[in-house]
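Chemist: Given the coordinates of chain A, assemble chain B onto it according to the supplied hints.
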Amino acid sequence: MRPIDPGDVQARIDRLKDRDLHLHLEMTTGAYTAHYDQTKHQASVFVTNARVRFSRGSVAGQGPFRVGLKTENGWVYAEGLTHYADEETERLIMAGHDQDGKLVVALQLSPSPF
Amino acid sequence: MGGRLVNNILVVLPHPDDEAFGASGTLAMHIRRGARVTYACLTLGEMGRNMGFPPFANRVTLPQIRKAELEESCRAIGIQDLRLLGFHDKTLEFEDPDVVDGRIGQLMEEIRPDLVITFYPGYAVHPDHDACGAAVVRAVGRLPEAERPAVHCMAFARGCEQALGKPDVVNDIRPYLEQKIAALQAHRSQFRFGSLPGRGRMSESEFADWLGTERFWTYRWPT
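As you go down the protein sequences, you meet chains A and B in turn.
The opening residue of the first sequence carries number 1 in the numbering used here; numbering runs sequentially from there.
The opening residue of the second sequence carries number 1 in the numbering used here; numbering runs sequentially from there.
Think about it this way: if two alpha-carbon atoms lie no more than 30 Å apart in a straight line, the pair counts; the simulated DSS-like pairs of lysine-lysine are:
{"#": "1", "chain 1": "A", "residue 1": "K40", "chain 2": "A", "residue 2": "K102"}
{"#": "2", "chain 1": "A", "residue 1": "K40", "chain 2": "B", "residue 2": "K166"}
{"#": "3", "chain 1": "A", "residue 1": "K70", "chain 2": "A", "residue 2": "K17"}
{"#": "4", "chain 1": "A", "residue 1": "K102", "chain 2": "B", "residue 2": "K67"}
{"#": "5", "chain 1": "A", "residue 1": "K102", "chain 2": "A", "residue 2": "K70"}
To be clear, the hints were calculated from the coordinates, so they are not data collected in a lab.
Remember, predicted model here, so these are calculated numbers, not experimental data.
Just chain A, same shape as in the assembly (with noise of 0.2 Å):
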């Protein structure tokens, strides 16, 4: 994982468009945040291979960067996106981690499952 360029991930976003593909999408506050801290409210999401075509998608901010994909019927977006595997050729693997270096949010795309 490499800090991401907002171009390069741009032109990766663009080879995805129009296509049918897999979706990861998640964040985490992580498993053991409430038990540290009790004052902390614990969640978490992910969802995996969940199926989505978008036809417009783009990536914005300064860095961290937030990621919009415009499917059929509604929305994907991702907040606090730092890092990509800049050697993935078919797939975008996008994260975002904390200063410890943890994963808070994640976003994945593929044209085969994950």
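Modeler: For chain B alone, coordinates are given in the frame of chain A:
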């Protein structure tokens, strides 16, 4: 059970690295005394949010990286038999209990352990820990009372000592710290040894005592 010899141990835990914190010294001790250990790890911890320090893994590569780390940890401890059961991290409590219990039941039948190590259901913080412990307890509970192996459970929920009392199995594993530290260090995507929980909150000697002591509660069957 610190002094008693056991021959066959079945360890059932949900995530790679669960063995390292609370049970690696105990397992190394039993193995040194001749025990054979089968470790059934239910998931690959594929939803972990630690990706290395600095990050070297991502959501896609993490499962294979954690599998290799787990294998390294098992080698460090001396565990002879590692089984990967292939469930998905964070989903154990939503699986069909018959499927999970059935897999554990099959292993029980095959291995006939005289000791089972897992998490204490309800007192192990992470939903996968609790679901894993609950499945083990159900699978063992199907056996006639006289045939049930001892089930030693790890617990660390807030207030667990108020609910369960003091742990009845307290192992001094300081002679096996080398194996324990090697097991912890094997899980390099998950934590740095220098920043383990407790470090910073404890003095160095408290930390050494914490690391060198492993605590279990023998599961108490409802009467």
